[in-house]
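> Input sequences plus hints: build the corresponding full structure.
Its first residue numbered 4, the sequence shown is counted upward by one per residue in our numbering.
The hints are simulated quantities; they were obtained by calculation from the structure and are not laboratory data. All the given hints hold, so there is nothing to weed out.
Here are the simulated distance ranges between beta carbons:
no., residue 1, residue 2, range
1, K8, T48, 19 to 25 angstroms
2, R36, Q15, 24 to 30 angstroms
3, V35, I72, 16 to 22 angstroms
4, T44, Q15, 35 to 41 angstroms
Fair warning: this is a prediction, and the values are worked out from it, not measured in the lab. Just so it is clear, CB atoms sit at the ideal spot from N, CA and C, and this is done for glycine as well.
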Amino acid sequence: IHDVKICIYDPQHDEHVSGQLNDHGKWEPVVVRSFLRLLRTLPNTHVIDIGANLGLYTLLATQYDRHVIAVEPLYDSLIRL
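See the structure below:
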């Protein structure tokens with residue numbers, strides 16, 4: 004995904020997100036395209052990623068040198084960030 008390395012769960016235990024990332028290399032492609040378009044057109048934007056999960060949007064925002072606050076309550080996901 005845009006040369007971003009992301010730590011996923013075992014796809015057998017998380018088919019929904021990790022499975023899609025593992026099998027297809029993408030997650031929510033329409034939303035990701037819109038998010039990237041916003042990052043390109045709004046250069047001074049800060050990002051708050053609430054429910055960051057594996058941090059896909061956080062990682063994408065950092066590629067555009069954005070300041071990001073990622074909030075994730077689940078410990079297993081938090082350690083992957």
